[in-house]
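Asks: Protein chains in written order, with our numbering: chain R, 1 to 138; chain P, 139 to 276; chain W, 277 to 360; chain G, 361 to 444.
Check the hints yourself; a few may be wrong.
Distance condition first, Cα-Cα at most 25 Å in a straight line; then the derived SDA-like pairs of lysine to any residue [what the hints assert, rightly or not]:
{"no.": "1", "chain 1": "R", "residue 1": "Lys114", "chain 2": "G", "residue 2": "Lys365"}
{"no.": "2", "chain 1": "R", "residue 1": "Lys56", "chain 2": "G", "residue 2": "Ala421"}
{"no.": "3", "chain 1": "R", "residue 1": "Lys56", "chain 2": "G", "residue 2": "Val435"}
{"no.": "4", "chain 1": "P", "residue 1": "Lys260", "chain 2": "W", "residue 2": "Glu342"}
{"no.": "5", "chain 1": "P", "residue 1": "Lys260", "chain 2": "P", "residue 2": "Ser182"}
{"no.": "6", "chain 1": "G", "residue 1": "Lys365", "chain 2": "G", "residue 2": "Val418"}
{"no.": "7", "chain 1": "R", "residue 1": "Lys56", "chain 2": "R", "residue 2": "Leu4"}
{"no.": "8", "chain 1": "R", "residue 1": "Lys40", "chain 2": "R", "residue 2": "Val84"}
{"no.": "9", "chain 1": "P", "residue 1": "Lys194", "chain 2": "W", "residue 2": "Arg291"}
{"no.": "10", "chain 1": "P", "residue 1": "Lys260", "chain 2": "P", "residue 2": "Pro235"}
{"no.": "11", "chain 1": "R", "residue 1": "Lys122", "chain 2": "R", "residue 2": "Ala100"}
{"no.": "12", "chain 1": "P", "residue 1": "Lys252", "chain 2": "R", "residue 2": "Gly128"}
{"no.": "13", "chain 1": "P", "residue 1": "Lys260", "chain 2": "R", "residue 2": "Ala100"}
{"no.": "14", "chain 1": "P", "residue 1": "Lys194", "chain 2": "W", "residue 2": "Arg278"}
{"no.": "15", "chain 1": "G", "residue 1": "Lys365", "chain 2": "R", "residue 2": "Arg20"}
{"no.": "16", "chain 1": "R", "residue 1": "Lys122", "chain 2": "P", "residue 2": "Pro235"}
{"no.": "17", "chain 1": "P", "residue 1": "Lys252", "chain 2": "R", "residue 2": "Ser104"}
{"no.": "18", "chain 1": "P", "residue 1": "Lys194", "chain 2": "P", "residue 2": "Asn173"}
Covered by chain W, per the in silico footprint, the following chain P stretches (three or more residues, Cβ under 8 Å) [to be verified]:
{"no.": "19", "segment": "150-157"}
{"no.": "20", "segment": "197-210"}
{"no.": "21", "segment": "217-225"}
Hints were generated in silico from the structure; no laboratory data involved. We put the beta carbon where it would ideally sit given N, CA and C, even for glycine.
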Amino acid sequence: MPYLTDDPIDSDALVRSVLRNSDGAYVLFEGVVRNHHEGKRVESIFYDCYRPMAEKEIGAIVREVESQFPDVALAVLHRLGQLVVGDASIAIVASSPHRAESFSACRMTIDRIKETVPIWKKERGPDGEEWVGWQGKC
Amino acid sequence: MPYLTDDPIDSDALVRSVLRNSDGAYVLFEGVVRNHHEGKRVESIFYDCYRPMAEKEIGAIVREVESQFPDVALAVLHRLGQLVVGDASIAIVASSPHRAESFSACRMTIDRIKETVPIWKKERGPDGEEWVGWQGKC
Amino acid sequence: MRTMKVRLLFFAVLRDIAGTGARELALADGATARDVWQWMRESYAPLADYAQPPLIAVNEAYAAPETVLRDGDEVAFIPPVAGG
Amino acid sequence: MRTMKVRLLFFAVLRDIAGTGARELALADGATARDVWQWMRESYAPLADYAQPPLIAVNEAYAAPETVLRDGDEVAFIPPVAGG
Numbered sequence: 001m002p003y004l005t006d007d008p009i010d011s012d013a014l015v016r017s018v019l020r021n022s023d024g025a026y027v028l029f030e031g032v033v034r035n036h037h038e039g040k041r042v043e044s045i046f047y048d049c050y051r052p053m054a055e056k057e058i059g060a061i062v063r064e065v066e067s068q069f070p071d072v073a074l075a076v077l078h079r080l081g082q083l084v085v086g087d088a089s090i091a092i093v094a095s096s097p098h099r100a101e102s103f104s105a106c107r108m109t110i111d112r113i114k115e116t117v118p119i120w121k122k123e124r125g126p127d128g129e130e131w132v133g134w135q136g137k138c
Numbered sequence: 139m140p141y142l143t144d145d146p147i148d149s150d151a152l153v154r155s156v157l158r159n160s161d162g163a164y165v166l167f168e169g170v171v172r173n174h175h176e177g178k179r180v181e182s183i184f185y186d187c188y189r190p191m192a193e194k195e196i197g198a199i200v201r202e203v204e205s206q207f208p209d210v211a212l213a214v215l216h217r218l219g220q221l222v223v224g225d226a227s228i229a230i231v232a233s234s235p236h237r238a239e240s241f242s243a244c245r246m247t248i249d250r251i252k253e254t255v256p257i258w259k260k261e262r263g264p265d266g267e268e269w270v271g272w273q274g275k276c
Numbered sequence: 277m278r279t280m281k282v283r284l285l286f287f288a289v290l291r292d293i294a295g296t297g298a299r300e301l302a303l304a305d306g307a308t309a310r311d312v313w314q315w316m317r318e319s320y321a322p323l324a325d326y327a328q329p330p331l332i333a334v335n336e337a338y339a340a341p342e343t344v345l346r347d348g349d350e351v352a353f354i355p356p357v358a359g360g
Numbered sequence: 361m362r363t364m365k366v367r368l369l370f371f372a373v374l375r376d377i378a379g380t381g382a383r384e385l386a387l388a389d390g391a392t393a394r395d396v397w398q399w400m401r402e403s404y405a406p407l408a409d410y411a412q413p414p415l416i417a418v419n420e421a422y423a424a425p426e427t428v429l430r431d432g433d434e435v436a437f438i439p440p441v442a443g444g
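So that you can see chain R by itself, here it is in the shape it has in the complex (with noise of 0.2 Å):
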């Protein structure tokens, strides 16, 4: 199953997909486009991405948070292109028989997603837009 897609977030689906008899608990991360941003305002986030690079970085954090945490279950889907405050860009599911598991590998998958997985995001105001992370850095 790709980890990449343009439409909507069905995080239901999401839970049902990785979801097992054995499994006590599951917990779901999805970030969401907020209205704010180091102060400034925002109504708008773009996601761009290097689509087949990005769909391998995922599946490579994705293998080791599951080797890591043999009893979790992972699933992972990143949303595309134009979002609006409120839209969900992407849900993380972790499912395991006991419920510490489902945190730590939750909370780990995001924070690997986003220190390299290639997607970008420009942010659209009342000020204009800006590619986040760039200014000023490379």
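Guided by the hints, dock chains P, W and G onto chain R, whose structure is given.
Replies: Showing chains P, W and G alone in chain R's frame:
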């Protein structure tokens, strides 16, 4: 809004009840009836509850967690009665501008609920039924 | 010696043991929650071995076993909780 | 001196700067990813001040700036990522 219900949990509605335009993340935890417990097969669980006290206890936990994480909005819903494998028994949503607080607040909330809220479960399986936690201690 | 009445609530395993969810109990003035547990042990054979009471709630809040009860109080013994 | 061709991919701010998402570039044999960044700085004024290249991907995997390119390689410079 009550923290206890006899009906299936609508986690999407719970998310919508807390998510604000300023939130960039939420974490949803669901506890789910699993098909095993301490080596025994489980087919269903009956949840009993001291309802007015449980409402108060959960409310106190929600206020305590929200006071520790002032940027977090919390929602909790615990289902009671007869549940089968795969049914969600509890859902907790924590939303916040940044993800770290959502993870911490959600985790703290479920840990506290499991410690003090007067809810009990009777597991039923092919080997009979048993109140969890009672056998051998009081 | 004056007496009072309290309302006992039974949940989970205690409901099964008592065969009911609630009952009235007459107590001497000055009786504590621990005294009620003692009455429970004498009244219900499966509890005879449980010298220490489980957690106790008086009027929907956790209370110490030494809590002195008052007429009309609602007393519940809280077996090990297992919510979530 | 033999030459080779690589395919450059531009994303995010680099796509805006380059005005396109991809182009071919002819390079001398033995050229590295860092050499391509040098060409980028000379070709696109907004990049002139960026002496250090951003992260680099060769054929869809992160690679060091000193990676020697081969004919047909796909090279992408990865501005600070901001997924999630």
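Asks: Confirm or reject each hint.
Replies: Against the structure, the hints come out as follows:
1. R/Lys114 - G/Lys365: violated, 32 Å
2. R/Lys56 - G/Ala421: Distance ~8 Å between R/Lys56 and G/Ala421 Cα, so the pair holds.
3. R/Lys56 - G/Val435: holds, 16 Å
4. P/Lys260 - W/Glu342: Outside the cut-off at roughly 30 Å; violated.
5. P/Lys260 - P/Ser182: Holds: P/Lys260 and P/Ser182 sit about 8 Å apart, inside 25 Å.
6. G/Lys365 - G/Val418: OK: G/Lys365 and G/Val418 at ~13 Å, within 25 Å.
7. R/Lys56 - R/Leu4: The given pair, whose Cα atoms are some 11 Å apart, holds under the 25 Å limit.
8. R/Lys40 - R/Val84: Distance of about 15 Å is within 25 Å: holds.
9. P/Lys194 - W/Arg291: holds, 21 Å
10. P/Lys260 - P/Pro235: Distance of about 39 Å is beyond 25 Å: violated.
11. R/Lys122 - R/Ala100: Distance of about 35 Å is beyond 25 Å: violated.
12. P/Lys252 - R/Gly128: Violated, at roughly 48 Å.
13. P/Lys260 - R/Ala100: holds, 23 Å
14. P/Lys194 - W/Arg278: Cα-Cα ~33 Å, so violated.
15. G/Lys365 - R/Arg20: violated, 49 Å
16. R/Lys122 - P/Pro235: holds, 18 Å
17. P/Lys252 - R/Ser104: The hint holds at about 18 Å.
18. P/Lys194 - P/Asn173: Between P/Lys194 and P/Asn173 the Cα gap is close to 31 Å, so the pair fails against 25 Å, i.e. violated.
19. 150-157: Violated: only 0 residues of the segment 150-157 of chain P have a Cβ under 8 Å from chain W.
20. 197-210: violated (count 0)
21. 217-225: violated (count 0)
Hints 1, 4, 10, 11, 12, 14, 15, 18, 19, 20 and 21 from the earlier list are contradicted by this structure; the remaining hints agree with it.
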